[in-house]
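J.: Two independent chains are provided; combine them into the complex using the hints.
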Amino acid sequence: MRWSPLAHSEYRTVLTSKGAWILALLVVLWGFRPTYAGWDAVGRNITIGYIQIGVDLLLPIGALLLSYQSLLGERTTGSIKFLLGLPLTRTQILFGKIAGRFVGVGTAIVAATLVLAGIGLLEHGTFGLLPFLGTLVATLLLASAMVALGVCVSTVTRRTVTAATGVFVYVLVTLFWSQIVTSLYTAVTGIPVDPYDAPASGPLFLALRLTPDGAYNVLTNWFLNVGNSTELFHIVYTKLAPGVSVNAFVVEAAFDGGSPWYLHPSLSLVVLLIWVVVPMALARRVFTRGDAL
Amino acid sequence: MSTSEPAIEASAVTKEYGDVRAVDSLDLTVKHGETYGFLGPNGAGKSTTIGLLLDYLRPTSGTVRVLGHDPRRDIVKVHDRVGVLPDRFGLYDDRSARQHVAFVTETKRVDEDPAVLLERVGLGDAVDDDAGDFSSGMEQRLALAMALVGDPELLILDEPFGGLDPHGVRRVREIVHEETQRGATVFFSSHVLGQVELVCDRIGVLHEGQLVAEGTLDELRNRTTSPDDATVEDVFVELTDTRVGDEGEPR
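Sequences listed follow chains U and R, in order. Each residue of the first sequence is one higher than the one before, starting from 1 at the first, in our numbering. Each residue of the second sequence is one higher than the one before, starting from 1001 at the first, in our numbering.
Chain R with its partners taken away, still in its complex shape (with noise of 0.2 Å):
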């Protein structure tokens, strides 16, 4: 792929389930090596969005392209570059920590160390522990270091920040941060604003299965009327004015 590709592009992506329009004739374009935070309330689509931009789901209408590929068509060459931390998973209870990463590296065919990769999400005391034994931040460090197999080219990752504590956002953030430096480029969903604010190189915000608004915070900022020293939550509750918190959001 050449550097001047987006690494995600989705044209016009409508996704219905029965009456019910999920994402709504979405064009989204991701830079190659940029860090793009993905917002919107509960239900605005963006867990079904990054659905569709691994194969989960398969759009109603409209194209999707990651790293200059079809998912649906070339899966195993988009997902070999991809790493990917979903959002409302559930891991293997009888597993180690060690075998999820190890299952991903082998399948990946990379050779990598498991207990690196889980020392550098910080649960280096933990390699050998069950994940049924786990705590929800440890679950999602889990994740995270299963997305990292690999050295992936595209981090995407639904609500990262999900269950942890604050020494886990930060580790979250710094991870972002080296990921980008290496060359990575990372795509994020969340609704938790601050960390957004901290880490993105551009938003995007999602409502209603649209994209209602694009661009750095100061660009979101000047299109709103909020003021020049606003915060992500006010330029995003500005934006997302209606229906917001509407729970259940689709798969």
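Only chain U is shown next, with the shape it has when bound in the complex (with noise of 0.2 Å):
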């Protein structure tokens, strides 16, 4: 393919950069925490929980830092001269600028999700494949969808300073967005949403699994059985346990019987795909239209 080289470029960009590997430690560090709620949950699949609570924390920021710079910073010093000079169109720039970022970005968690393995398997003993292997399939998922984010961010900007304070808003948005979701619900509806007892609304349950790292909860919860959420797995578990009290909100737990088709947990997947190729279209349609500089 014509932009393999500068695919290849920015794989290497990635890859040379400390904060790849930066995140990739911090996920292993923050991801390593051996609860008993954890092992009640799941047992020795409590390995595959860990990669859960590092990558869901960590990756979307990681990944977004690793990628908003992508065009911005050729803009900035004038390297984008010789990029926009080469025989390719400005959509396989795009596209060498977001492959190569999700490879790198890919490498990095990977190495982190073995290296969290590696521990658990020392530690609690083998594991299952099936629910590993889909984790794995999730988080690189979840990359692929931050870098175009960030490469999106990184395009449709034109100051460093946007840039970075786009960046932090998602960082911000997606951190309060469970609480964001309920009081626009409540501001809607009138309803109060008591997180203890959350009411069994569909669409107030769909919201919430919307952004990335929601989407990425609910999708490797389905994989390691413990219940449809956006929490992280001990926390569903904890909540579907009788007679314990917890904030938050889980499908099981709101509805009684069966709840809306629309919240099952493979349509996740969807959501995931589409913040990869929502961003991915916006990007191209800010910068194949108009100057490039």
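Hints are not guaranteed to be accurate.
Here are the computed lysine to aspartate or glutamate pairs in the DMTMM-like style, where the Cα-Cα straight-line distance is at most 25 Å [claimed, not checked]:
#, chain 1, residue 1, chain 2, residue 2
1, R, Lys1108, R, Asp1080
2, R, Lys1077, R, Glu1112
3, U, Lys18, R, Asp1130
4, U, Lys18, R, Asp1093
5, R, Lys1108, U, Glu74
6, U, Lys18, R, Asp1133
Hints were generated in silico from the structure; no laboratory data involved.
T.: Pasting the structure below:
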């Protein structure tokens, strides 16, 4: 492919940066947290839970920080004039950027995953291969969504400070997503939301799982078979355990009997794919129109 | 492309930034095989014009054709056959000179040894040095090596003499000569007027976004009140008398 030298160059940029390896290290350090709740929830599969814990918090911000400068940085230094002078369409330039950064971030995060798997193997013994592979795929999908979003931010902004603000706002919004969603829900419907005893509202639960990290948790909880929720696996388990009250939104706890079809965990795959495709399409739309400098 | 077709053809090209008209109804034809010097004071619109030829920028109105193609529609075909030395560029600080050139050879899919090209521009001793340690003259030489990849049919050089010492200036002139001998068309912008005189077949003078004069140096002398032995500088100053030195060329 015409853009493979560019992708290779981007990949190299990511993997020779300290950031990629700091991300991998932090995912391992943050993710590895043996708890009784975690062990009770999934037994030896707690190793896969470590991956969920580390990736859910750190991969989105890490991948954004490793990609939001990808095009903007070249605009700032002026190296974009060489890039645009190559026999590549602007769409190919974007593809090369996203593909290269994704493979770079993906390599670092797979390395972190394998280290966590190795630690878990030594500490707790073997774990389920299928949930592990499923989690690995979901992790790479989350990485690609965040890289696509980062490159998109890099494309649509003209100043580093604007792009950095965009990243910061994204992180804040997703961090407080459940508070934002429940406040909006109450404002619109007038129904107060008690997270200890959430209303059985399909739209409310759907909104909660629309962020990339929310969708990631729903998918990985599904693979771990703990319950249908955007919370971390051990919290979902605790919520569903009899006699325990936890402020967490878990589908099985709110809906007695059947929940709406659109809350099926497999649909979080679609949510993640949308987060890959929409930023790419938006970036392409902006970058292929008008001036590129 | 037939050799009778112009290498560059711009018709009624206008580029506006808000209220500012950087390029104003520009008609420009550069013939195949010629060396064309594109002159103008700072802010005249030279780099903007070059940006329009390469589809870095899109014209507000008018049409551009490069090597017989619309650069917007056929960017790959155009850039495959064009070598570009941009103005006010930046390099990748942590990459060696060789890696810079290899990036271009790989993308253009040509089998050329970066070291040979770097030797040609006088960077034979710095092939594996990081560009971050380069002086401005070395950066300029590296950018020229990148432009020369794949024996392009058309070389677009924006201020190729910028930052160069006299040896570098001479080397660029020799390379331009070698390239035209090979059959390439060379289009370059400059405000280093003495060099233009030594290199160019034809000269176009851009002033406030418009081509105010075009022709051989003799023809330009005849169009002005300059004497027969007038230098390019004399002719240039007379043609661009107003607002000379106005800084701040739009991108």
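J.: Please go over all the hints and tell whether each is borne out by the structure.
T.: Hint-by-hint comparison with the structure:
A distance of roughly 6 Å separates the Cα atoms of R/Lys1108 and R/Asp1080; the hinted pair therefore holds under the 25 Å criterion. Restraint check for R/Lys1077 and R/Glu1112: the C-alpha separation of about 19 Å stays at or below 25 Å, so the hint holds. With a C-alpha separation of about 18 Å, the suggested pairing of U/Lys18 with R/Asp1130 holds against the 25 Å cut-off. Taking the CA atoms of U/Lys18 and R/Asp1093, the gap is about 16 Å. The hint holds against a cut of 25 Å.
In summary, the hint linking R/Lys1108 to U/Glu74 is supported, as the alpha carbons are separated by about 20 Å, within the 25 Å threshold. Distance restraint check for U/Lys18 and R/Asp1133: the Cα-Cα separation of roughly 21 Å lies within the 25 Å cut-off, and the hinted pair is therefore satisfied.
Figure legend: structure checked against the earlier numbered hints; every hint is met.
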